[in-house]
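*Asks:* With these hints in hand, go ahead and build the complete structure from the sequences.
Number of protein chains: 2
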Amino acid sequence: MRIGIDAMGGDRAPAEEVRGALAARQFLSDDDRIVLIGKGDLLREHLGSPGAWSDFIEVCHADQVIGMGEAPVEALRTKPNSSLALMARLAAEGKVDACISAGNTGACVAAAQMRLRRLRGVHRPGIAIVTPTFYGPVALCDVGANVNCRPQHLLQYGIMASIYVQAVCGVANPRVGLLSIGEEDVKGTSLVKQTRQLMKDDPAVHFIGNVEGRDLFRGVCDVMVCEGFVGNVMLKLMEGMAEGVVKALLAELSAGIPSQERIIQKAGDAIAAKYDYNVYGGAPLLGVGGIFIICHGASNYRGIMNAVRVAKDFTTGRVNERITELLGQREGSQDA
Amino acid sequence: MRIGIDAMGGDRAPAEEVRGALAARQFLSDDDRIVLIGKGDLLREHLGSPGAWSDFIEVCHADQVIGMGEAPVEALRTKPNSSLALMARLAAEGKVDACISAGNTGACVAAAQMRLRRLRGVHRPGIAIVTPTFYGPVALCDVGANVNCRPQHLLQYGIMASIYVQAVCGVANPRVGLLSIGEEDVKGTSLVKQTRQLMKDDPAVHFIGNVEGRDLFRGVCDVMVCEGFVGNVMLKLMEGMAEGVVKALLAELSAGIPSQERIIQKAGDAIAAKYDYNVYGGAPLLGVGGIFIICHGASNYRGIMNAVRVAKDFTTGRVNERITELLGQREGSQDA
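In order, the protein sequence lines correspond to chains E and A.
First residue of the first sequence? That's 1 in the working numbering, and the numbers climb one at a time after it.
First residue of the second sequence? That's 1001 in the working numbering, and the numbers climb one at a time after it.
Be careful, since some hints might not be right.
Claimed, not checked - Mimicking DSSO-like on lysine-lysine, the simulated pairs with C-alpha atoms at most 27 Å apart in a straight line are:
id: 1; chain 1: A; residue 1: Lys1193; chain 2: E; residue 2: Lys79
id: 2; chain 1: E; residue 1: Lys95; chain 2: E; residue 2: Lys312
id: 3; chain 1: A; residue 1: Lys1079; chain 2: A; residue 2: Lys1039
id: 4; chain 1: E; residue 1: Lys247; chain 2: A; residue 2: Lys1079
id: 5; chain 1: A; residue 1: Lys1266; chain 2: E; residue 2: Lys193
id: 6; chain 1: A; residue 1: Lys1247; chain 2: E; residue 2: Lys266
id: 7; chain 1: A; residue 1: Lys1247; chain 2: E; residue 2: Lys247
id: 8; chain 1: A; residue 1: Lys1039; chain 2: A; residue 2: Lys1312
id: 9; chain 1: E; residue 1: Lys39; chain 2: E; residue 2: Lys312
id: 10; chain 1: E; residue 1: Lys79; chain 2: E; residue 2: Lys95
id: 11; chain 1: E; residue 1: Lys193; chain 2: E; residue 2: Lys247
id: 12; chain 1: E; residue 1: Lys39; chain 2: E; residue 2: Lys79
id: 13; chain 1: A; residue 1: Lys1095; chain 2: A; residue 2: Lys1039
id: 14; chain 1: A; residue 1: Lys1095; chain 2: A; residue 2: Lys1312
id: 15; chain 1: E; residue 1: Lys266; chain 2: A; residue 2: Lys1266
id: 16; chain 1: A; residue 1: Lys1079; chain 2: A; residue 2: Lys1095
id: 17; chain 1: A; residue 1: Lys1039; chain 2: E; residue 2: Lys193
id: 18; chain 1: E; residue 1: Lys247; chain 2: E; residue 2: Lys266
id: 19; chain 1: A; residue 1: Lys1266; chain 2: A; residue 2: Lys1247
Derived from the structure by calculation, the hints contain no laboratory data.
*Replies:* Encoded structure:
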C-alpha cells in the first residue's frame, strides 16, 4: 500500500515527520511506499542521502502549508496546493491508500470529508482515540469531529469503534459504554437517553450501559462513546492532568528522597511513556471512505512512525470493509 | 447562623456526618448552631455524651432516607419525611440558614430548587466546584445541575462563580474562561459561540476567552464555565485519573526503590491530600435563594466539616447579596 504523510502539518514539521517516515520502514512490506508530501527541497534536505530512503519513500511537492489556527474550510479553499489538500486529493484519486497528518485537526476532518466522502451507511465520521489505562486500551469516540451529534451518530460510533479496537488492539468482543453523568437511566441529556435505547436494541454493539468519566480508568469498557465536544475536552483534560499530577508527585518525592532523584525521574519517565500519545500513533477518522489518521499536533517521530503502523493494521484488519458490512445495508442510513 | 446537615445522605452516613459536625465547632461563632437532620436515636448514639455537643448541635428527627440511586423528584415526592426533604423545608421556613448534604446530588438540586427558589434575576442554578491546581484554585461551573444550557445560563455561571471565588478563595478579579475545544472563535458548539459573544460584551465578567480542557491545570483562569454534562464528566474523569496515575507511579517507584516504600507512600498521600475533594468541603449550588452545599457522596468527616466552613464564608462574603446586586436588576432575566 501507499501511505501518504502530510510532512508540513505538525508543530515540529517537517523534521519529526521525516524522521518518523524513515523509522516506519520496519512496518512496511516490500511493496509498501511512503509518500511524503510537502516542500520538496526542504524534505530532501531532511531526508539526507537518497541511498537511505529512495527505495521506500517518495517525495511529492506541495507549495503551501495550512497553519494550526486557520479556519478549516476556508484554509482548504484558499490553499489548494497545501500539503494537506494535496494529500487528500491523492487519496481521492487512489494514488495513496492512507493519509497521516499531525496538522490542523479541523482541516483534516474537512479534507477527509470533502475528498474521501463517507462509507456507505455512515452518518457522520468520528475520531476514535485509544487511551492507555491500567486495564488495557480504551477507545474514546468521538473526540472532536462532530459537535452536533444525534443518537444515530453515537450508535454508529459505538459500532465503528468496536470494529477498530478489534482490528488494532485485538480486543475480542469489545464492551461499549455510553458516557453519561450517572449510571441510571434517568440521568443525562436527551441525546444520551435516546442513544441508550438505540444501543440496547442493536445486536451490533455489546452495550454495557451508561458509564461515567471515572470509568475510563476502571476497566469496565473497551469503547466509550460520547459527543465530539465532550470527548475533546476529556482528551485535553487528561493531557493537562497527566502533566500536572506527575510533576507534583515527582516534586514531593525529590524533596523526600533527595539521594534517589535519578530513580524517581526514571519512574516518572516510565509513567509518561505509558501515557504518551505518540505510542498510539494517532487517531483514525472512522467512517470516511479511506484511511485518515490524525496525529497529535505535538507528535514526535514515534507518533508519525506508529501512525504508519496503525494505517497498516487498519488495512489488515479490514476495518472499512467490516464497517460497510455492518452499516451499509441499513435502511435510510445515508439520510440522517 | 443555623447550619443544617443532612446526616443520612452520604455513602458513610451518619458516622462521618456526625463526626464532621463535631469537628466543625472550630468554625462556629458563639451563636452559630448545627442542626443535624436524620434518625434521632441513631444520631444521638453516634454523638455520644451530650456534654460534648449539646451547646452547638441540635438533632432534628427525620424518618426517611433518600438513596443515591433514586430518581430525584420522585424520591422527594414519596419521601416527604426524608432528611433531605425536611432540611429543605426547614431552610424555606427560615429555621436553618444553610443546607449541607453528601446525598443524592440530583435530589439536592431538586429540593433546593423547589424549596429555596431562585435568586432574583437568576435563570438556572449551577454547581460550582473548586478544583485544586498548582497555580491555585479554579472554580468549574456547572458540574451537573443543568444539562440543558442556554448562553444566558453560562454567562450567569461566569458571573456567579466569579463572586463565589472572590468570597471564598480570596481571588481579587477572577479571570473567566469559557470551555471549548479550541481557542479560536470558529471552534465549538453554537452554544459556545453565542456565550462567547455575551461574555465579551458583559462588564460583569473578566472574560479571557475560550479555554480548553488542559487549561484547568495551567493557571490561565480562575473560573471555567461549561455545561453541566461536560463539567460532571470532567469532575469524574479527574477523580478516576488521579486515582489511576498516582497508583501507577507509586507501583513503578516501589519496584525501583524497594527500601523507600514508606517515603514513597507518604509522597503519594501528600498528593492525594492536595487533590482531596474533602479539603474543599463541597460545592455550592449557586443562584438559589439560600445556601446549599453539595458534598461528594464519599465525603469523610473533613468534607462535612469544611462544608460548614464554606457555608460560613458564603455568608460572610455576602455571595447571594452580591449575585442579586449584579443580576437582580437585569431586564427580563427571570423569563429565560
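*Asks:* Indicate, hint by hint, whether the structure satisfies it.
*Replies:* Evaluation of the provided hints:
1. A:Lys1193 with E:Lys79: With a Cα-Cα distance of about 26 Å, the restraint between A:Lys1193 and E:Lys79 holds, given a limit of 27 Å.
2. E:Lys95 with E:Lys312: 16 Å, holds
3. A:Lys1079 with A:Lys1039: 14 Å, holds
4. E:Lys247 with A:Lys1079: With Cα atoms ~48 Å apart, E:Lys247 and A:Lys1079 exceed 27 Å; violated.
5. A:Lys1266 with E:Lys193: Roughly 43 Å separates the two Cα atoms, so the pair is violated.
6. A:Lys1247 with E:Lys266: 16 Å, holds
7. A:Lys1247 with E:Lys247: 15 Å, holds
8. A:Lys1039 with A:Lys1312: The hint holds at about 25 Å.
9. E:Lys39 with E:Lys312: 25 Å, holds
10. E:Lys79 with E:Lys95: 20 Å, holds
11. E:Lys193 with E:Lys247: 39 Å, violated
12. E:Lys39 with E:Lys79: Answer holds: E:Lys39 to E:Lys79 is near 14 Å, not above 27 Å.
13. A:Lys1095 with A:Lys1039: 19 Å, holds
14. A:Lys1095 with A:Lys1312: Judged against 27 Å, a Cα distance of about 16 Å means the pair holds.
15. E:Lys266 with A:Lys1266: Distance ~19 Å between E:Lys266 and A:Lys1266 Cα, so the pair holds.
16. A:Lys1079 with A:Lys1095: 20 Å, holds
17. A:Lys1039 with E:Lys193: 36 Å, violated
18. E:Lys247 with E:Lys266: With Cα atoms ~13 Å apart, E:Lys247 and E:Lys266 stay inside 27 Å; holds.
19. A:Lys1266 with A:Lys1247: 13 Å, holds
When the structure is compared with the earlier hints, violations turn up for hints 4, 5, 11 and 17 and for no others.
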